[in-house]
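So the protein sequences, as listed, match chains X and G.
Read in our numbering, the first sequence has 40 at position 5, and its numbers run on one by one without any break.
Read in our numbering, the second sequence has 216 at position 89, and its numbers run on one by one without any break.
Quick caveat, the hints were computed from the structure, so don't treat them as lab data.
Glycine included, each C-beta is placed from N, C-alpha and C at the ideal position.
Heads up, a few of these hints could be off.
[To be verified] One side only, chain X facing chain G, incomplete, derived with CB under 10 Å: (1) Gly56; (2) Pro88; (3) Val127; (4) Ala139; (5) Leu172.
[Stated by the list, open to error] Using C-beta positions, here's what the derived DEER-type ranges look like: (6) G/Arg155 <-> X/Glu40: 54 to 62 Å; (7) X/Val165 <-> G/Gly477: 20 to 28 Å; (8) G/Gly477 <-> X/Gly89: 20 to 28 Å; (9) X/Gly263 <-> G/Gly489: 35 to 43 Å; (10) X/Ser177 <-> G/Lys185: 53 to 61 Å.
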Amino acid sequence: MSTLEIKGIVASVAGKQILNGIDLTVRSGEVHAVMGPNGAGKSTLSAVIMGKPGYEVHSGQVLLDGVDLLGLPAWKRAQAGMHLVTQYPSEVPGVSLTDMLSAAYDARGRASDGLAASVAAEADRINFPVALLDRSLNVDFSGGEKKRNETVQLALLAPKFAILDELDSGLDLDALRDCARRVEDLSNTDGPNGRLGVLAITHYNRLLEELLPDRVHILVKGRIVASGGAELADQLERDGYEAFTDAPAV
Amino acid sequence: MSVPVSAPASSSTTVLPTAEQEVWRYSRIGELDMAAFTPAVVRSTVTGADTLAPADSKLVDELVASMTPHDVFDELNAEFNGTVAISVPAGKVLREPIVVTHNITGDGVALYPRLLIHGGADSEFTVVERFESSDDTYALVVPRLVVHASQAARVSYLGVNLLGPRVWQLAHQQATGERDSTTLLATVALGGDYARVRTDARVVGQGATTKQIALYYADGTQMHDFRTLQDHIAPRTNSDLLFKGAVQDSAKSVYTGLIRIREEAKGSVAFQTNRNLTLSAGAWAESVPNLDIKTNDVKCSHASSVGPIDEEQRFYLESRGIPPEVAQRLVVLGFFDDVLAMLPVGDMRGDLRRRVERKLVGGAP
Numbered sequence: 036m037s038t039l040e041i042k043g044i045v046a047s048v049a050g051k052q053i054l055n056g057i058d059l060t061v062r063s064g065e066v067h068a069v070m071g072p073n074g075a076g077k078s079t080l081s082a083v084i085m086g087k088p089g090y091e092v093h094s095g096q097v098l099l100d101g102v103d104l105l106g107l108p109a110w111k112r113a114q115a116g117m118h119l120v121t122q123y124p125s126e127v128p129g130v131s132l133t134d135m136l137s138a139a140y141d142a143r144g145r146a147s148d149g150l151a152a153s154v155a156a157e158a159d160r161i162n163f164p165v166a167l168l169d170r171s172l173n174v175d176f177s178g179g180e181k182k183r184n185e186t187v188q189l190a191l192l193a194p195k196f197a198i199l200d201e202l203d204s205g206l207d208l209d210a211l212r213d214c215a216r217r218v219e220d221l222s223n224t225d226g227p228n229g230r231l232g233v234l235a236i237t238h239y240n241r242l243l244e245e246l247l248p249d250r251v252h253i254l255v256k257g258r259i260v261a262s263g264g265a266e267l268a269d270q271l272e273r274d275g276y277e278a279f280t281d282a283p284a285v
Numbered sequence: 128m129s130v131p132v133s134a135p136a137s138s139s140t141t142v143l144p145t146a147e148q149e150v151w152r153y154s155r156i157g158e159l160d161m162a163a164f165t166p167a168v169v170r171s172t173v174t175g176a177d178t179l180a181p182a183d184s185k186l187v188d189e190l191v192a193s194m195t196p197h198d199v200f201d202e203l204n205a206e207f208n209g210t211v212a213i214s215v216p217a218g219k220v221l222r223e224p225i226v227v228t229h230n231i232t233g234d235g236v237a238l239y240p241r242l243l244i245h246g247g248a249d250s251e252f253t254v255v256e257r258f259e260s261s262d263d264t265y266a267l268v269v270p271r272l273v274v275h276a277s278q279a280a281r282v283s284y285l286g287v288n289l290l291g292p293r294v295w296q297l298a299h300q301q302a303t304g305e306r307d308s309t310t311l312l313a314t315v316a317l318g319g320d321y322a323r324v325r326t327d328a329r330v331v332g333q334g335a336t337t338k339q340i341a342l343y344y345a346d347g348t349q350m351h352d353f354r355t356l357q358d359h360i361a362p363r364t365n366s367d368l369l370f371k372g373a374v375q376d377s378a379k380s381v382y383t384g385l386i387r388i389r390e391e392a393k394g395s396v397a398f399q400t401n402r403n404l405t406l407s408a409g410a411w412a413e414s415v416p417n418l419d420i421k422t423n424d425v426k427c428s429h430a431s432s433v434g435p436i437d438e439e440q441r442f443y444l445e446s447r448g449i450p451p452e453v454a455q456r457l458v459v460l461g462f463f464d465d466v467l468a469m470l471p472v473g474d475m476r477g478d479l480r481r482r483v484e485r486k487l488v489g490g491a492p
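Only chain X is shown next, with the shape it has when bound in the complex (with noise of 0.2 Å):
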């Protein structure tokens, strides 16, 4: 069992303060969900998480079964267990998904024998296209490719927590129900770290009819304004963010 503490996280990016202290802890098999309205500060949450270069932390804690993540550069909070499902997922001419997770395998000391039939099995399972494995990353890939493609780097490299950078943006009905199935597979299921953590960040709660949240935070300006059960996100739908404009930091 693993446990991701976030602890009063106030960050800025190109000197604007974004993140107003963010408090959240998610373990092993549970789904949070972060909802919130555009400039909420979601992106800047999953990029801080993660260590993304240009934003800049002032005071709080990223804690992955109590070890302080922000001291690290992304790819050890990644050899640490971390995984970030990007939203934009970059273009990288010349390198395929095999090369990708074969550096990432050897990275981990994991052996990547195999690792071409678990590719394929794995690809199989959401549907990406078995042509596209040795293509560019996300080159010329349609918004619903990248987003399985995200979903087989994310079963086979079997994170302990992963963040969902608005999953659902970019792509279709088919596709987002593939991704968000595996990804509520994993959480349910016992893989080499136990069973996945996730946070899912997210504008609009169509991702959570196939991924089921334990746990739903509002996020509005930087802080998280509401926290609840599965019910808060229909609550959401109902009322709208402006319900939740005004309320004060939970």
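Given the coordinates of chain X, work out where chain G should sit on it, guided by the hints.
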């Protein structure tokens, strides 16, 4: 097949071009001291040409006469050259490449290799020209290349520069493609101190195609310098160019290229792309694409870029647990992947890719 001349006296009185001239702009020509070099005999070996008769002397004369001299280095090559002439007769297809290797040795020598390639009508073959030297060789190499593709011939050329760190190269290549021919001129430049290649590719027959590709990688204090011309002289001709380079440490590179579509070259298609990665803050790359189009009925485009590795690409790989130096290696090798895939000699690809990898970690190619 090789016709070396005796070594003549030093040509220290030669008047050199200067960087004031447009075609030598950004170059290091001002540093060249011809008095430091004495002409010597080129040691060249040729493999893969066993089934070919020696080139006809009249044909050799015609190929030599077809060269357009531009500067004193053309004249010096004409005077002191060691020539290899390859003539593939009409209709002949060679499955294996002909490999010409110039082994550059000496201390203060000037070498003038000349390679003449003639592809008869409907012939198909590949010639690889390798320039190699040891680390302590101090030399000036002034190669000249003539490629002539007759009607419907498919001629591929790959030049590989694996020269040592004290060697200068001033190369000039001229290719001519007749009707419906396809000429590929490829370069992999990894070595040398200052290494310049000027390539003039002329498509003179209707339906002819030239492709020019290059992979260059300069580190330390190296400089790679490319000047290209895609010259369309006949209707419905095609040219395509993809040059990709990387510079690191305090290395430099220059690419300047011109697409010239003459008035008579209606219906022609020409593309030119130059991409450069600057891998260190002190490295410098210049890219200057040019168009000179004299008819409206053409499809033509050029693109060029100079910049560091894309930070988003780097972060994407690092966010998968890949350490920075491995991420950089993947991105740089990926950047060169399309050029490597287009090289005409499949079984050299792995070796050249490994040499690029060695440059990435600061080793000799």
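What hint numbers does the structure not satisfy?
Of the numbered hints given earlier, those the structure breaks are 1, 8, 9, listed in rising order.
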